[in-house]
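Could you put together the complete structure from these sequences and hints?
Its first residue numbered 244, the sequence shown is counted upward by one per residue in the numbering used here.
By construction, these hints were calculated from the structure, which means they are not laboratory data.
Treat the numbers as computed from the prediction; the structure is a model and nothing was measured.
Each residue gets a CB set at the ideal place from its N, CA and C atoms; glycine is no exception.
Don't take each hint at face value.
Unchecked claim - Keeping only pairs whose Cα atoms sit at most 25 Å apart, straight-line, the calculated SDA-like set for lysine to any residue is:
no.: 1; residue 1: Lys268; residue 2: Lys280
no.: 2; residue 1: Lys310; residue 2: Thr366
no.: 3; residue 1: Lys268; residue 2: Phe341
As the list claims (entries may be wrong) - Simulated restraints, written as ranges between beta carbons of each label pair:
no.: 4; residue 1: Phe342; residue 2: Thr259; range: 47 to 53 Å
no.: 5; residue 1: Arg279; residue 2: Phe342; range: 48 to 54 Å
no.: 6; residue 1: Ser335; residue 2: Ile372; range: 37 to 43 Å
no.: 7; residue 1: Ile356; residue 2: Ser301; range: 33 to 39 Å
no.: 8; residue 1: Asn299; residue 2: Gly340; range: 44 to 50 Å
no.: 9; residue 1: Tyr300; residue 2: Asn369; range: 18 to 24 Å
no.: 10; residue 1: Ser370; residue 2: Ile331; range: 34 to 40 Å
no.: 11; residue 1: Asn390; residue 2: Ile331; range: 50 to 56 Å
no.: 12; residue 1: Val357; residue 2: Ile393; range: 39 to 45 Å
no.: 13; residue 1: His302; residue 2: Ile355; range: 32 to 38 Å
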Amino acid sequence: MTPKYLPSSENLDVNTHGSYIIINKPNNYSNFFKGRKSISGELISIENDSIFVLSNYSHNCELILKKDVRDFELLYAKPKNYGLVAPIFVLSTISHGFFLAITAPINIMSFIIVSKFEKKEFTYDNSNISYDRLKMFARYPQGIPANVNIADIK
Numbered sequence: 244m245t246p247k248y249l250p251s252s253e254n255l256d257v258n259t260h261g262s263y264i265i266i267n268k269p270n271n272y273s274n275f276f277k278g279r280k281s282i283s284g285e286l287i288s289i290e291n292d293s294i295f296v297l298s299n300y301s302h303n304c305e306l307i308l309k310k311d312v313r314d315f316e317l318l319y320a321k322p323k324n325y326g327l328v329a330p331i332f333v334l335s336t337i338s339h340g341f342f343l344a345i346t347a348p349i350n351i352m353s354f355i356i357v358s359k360f361e362k363k364e365f366t367y368d369n370s371n372i373s374y375d376r377l378k379m380f381a382r383y384p385q386g387i388p389a390n391v392n393i394a395d396i397k
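Put into structure tokens, the structure is as follows:
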């Protein structure tokens, strides 16, 4: 599921929100995210030792210590939706006659592969981006301003 506030790839430079992030808990850590295995929502800010996320679950800003993060995945733009194109690709193989049995599965597999790569094109995870670089995808990349009350962020 892609959040509505994420921009299309054409509008990345005018987005006023942070990117969508999913943070997973470390193994054997019982009191993480109030019993939940992960937290997801808008990336608000990354501070020296913590991350602020506007949680999709609680609809409040939640503080996560960096040391408590096992891994994360960040989606910074909406992937293109190829859902309506898939039936057209499959139907186009009807004209192939006898070869339909071969070309239809090839078209379906090609569509699946392209769709998966499209989502990955707008995704980072902890294996390919550092916290310092991750800051640029937050609503407040230089930290939450002093005049902003964290409880008021919605």
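Pair hint outcome, lysine 268 versus lysine 280 [Cα-Cα no greater than 25 Å]: Status holds; Cα separation ~6 Å.
Decide if the proposed pair is consistent with the structure: lysine 268 and phenylalanine 341, CA atoms, cutoff 25 Å inclusive. violated (52 Å)
Against the 25 Å threshold, does the CA-CA distance of lysine 310 and threonine 366 hold or violate the hint? holds (22 Å)
The hint says 47 to 53 Å between phenylalanine 342 and threonine 259; measuring C-beta to C-beta, is that right? holds (51 Å)
How does the Cβ-Cβ distance of serine 370 and isoleucine 331 compare with 34 to 40 Å: does it lie in that range? This hint holds: roughly 35 Å between Cβ atoms.
In this structure, is the beta-carbon distance linking arginine 279 and phenylalanine 342 contained in 48 to 54 Å? holds (50 Å)
Given a hint of 50 to 56 Å, does the C-beta separation of asparagine 390 and isoleucine 331 actually sit inside it? Hint holds: Cβ distance 52 Å, inside 50 to 56 Å.
CB of isoleucine 356 to CB of serine 301, is that within 33 to 39 Å? holds (37 Å)
Is 32 to 38 Å right for how far apart the beta carbons of histidine 302 and isoleucine 355 are? holds (34 Å)
Do the beta carbons of asparagine 299 and glycine 340 sit within 44 to 50 Å of each other? Holds, since asparagine 299 and glycine 340 (Cβ atoms, about 49 Å apart) stay within the stated range.
Using the Cβ atoms, figure out if tyrosine 300 sits within 18 to 24 Å of asparagine 369. Holds - the Cβ-Cβ distance for tyrosine 300 and asparagine 369, about 21 Å, lies within 18 to 24 Å.
Is it true that the C-beta distance of serine 335 to isoleucine 372 lies inside 37 to 43 Å, as the hint says? holds (39 Å)
The structure does not agree with numbered hint 3 stated previously, though it agrees with all others.
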